[in-house]
Amino acid sequence: CGLRHDNTTRMRWDLATGRTPSGDTGPSLDHTTHSNKGSFVYIEASRVALGSKAWLSSDWMDPGSAVCIQFWYHMYGE
Numbered sequence: 001c002g003l004r005h006d007n008t009t010r011m012r013w014d015l016a017t018g019r020t021p022s023g024d025t026g027p028s029l030d031h032t033t034h035s036n037k038g039s040f041v042y043i044e045a046s047r048v049a050l051g052s053k054a055w056l057s058s059d060w061m062d063p064g065s066a067v068c069i070q071f072w073y074h075m076y077g078e
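If you number the sequence shown the way UniProt numbering does, the last residue is 78 and the count never jumps.
Bear in mind the hints are in silico, worked out from the structure with no lab data behind them.
The structure displayed is predicted, hence computed values, not measured ones.
Even glycine gets a Cβ: it sits at the ideal position worked out from N, Cα and C.
Among the hints, a few may not be true.
Unchecked claim - No more than 20 Å apart at the CA atoms, straight line, and that leaves these computed lysine to aspartate or glutamate pairs for DMTMM-like:
no. : residue 1 : residue 2
1   : Lys-37    : Asp-14
2   : Lys-53    : Asp-6
3   : Lys-37    : Asp-24
4   : Lys-53    : Asp-14
Stated by the list, open to error - Label pairs and their computed distance ranges (CB to CB):
no. : residue 1 : residue 2 : range
5   : Thr-17    : Ala-66    : 26 to 32 Å
6   : Pro-21    : Leu-56    : 16 to 22 Å
7   : Ser-46    : Gly-18    : 25 to 31 Å
8   : Arg-10    : Phe-71    : 17 to 23 Å
Input sequences plus hints: build the corresponding full structure.
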């Protein structure tokens with residue numbers, strides 16, 4: 001959908017389908033397809049310092065045109 005990982009940060013967004021590689025994390029279903037066949041981006045945050053950041057970037061969007069952006073998020077863990 002045109003979003004990409006911003007390489008100026010140390011944390012990395014990864015693309016997955018189904019489940020995340022680490023156990024007991026991530027969503028059990030894709031929000032859009034309501035199945036395990038949809039894709040999503042995630043951050044493996046098991047060994048990340050408090051306050052770390054990860055950025056997603058897109059191409060320039062013309063502020064004069066109609067744009068609709070929706071984000072769904074899932075947080076799980078301790």
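Each hint, compared with the structure:
1. Lys-37 <-> Asp-14: holds, 16 Å
2. Lys-53 <-> Asp-6: holds, 10 Å
3. Lys-37 <-> Asp-24: Distance of about 18 Å is within 20 Å: holds.
4. Lys-53 <-> Asp-14: Measuring from Cα to Cα gives roughly 14 Å; hence the hint holds.
5. Thr-17 <-> Ala-66: 26 to 32 Å: holds, 30 Å
6. Pro-21 <-> Leu-56: 16 to 22 Å: holds, 20 Å
7. Ser-46 <-> Gly-18: 25 to 31 Å: Distance hint for Ser-46, Gly-18 is violated at roughly 19 Å.
8. Arg-10 <-> Phe-71: 17 to 23 Å: holds, 22 Å
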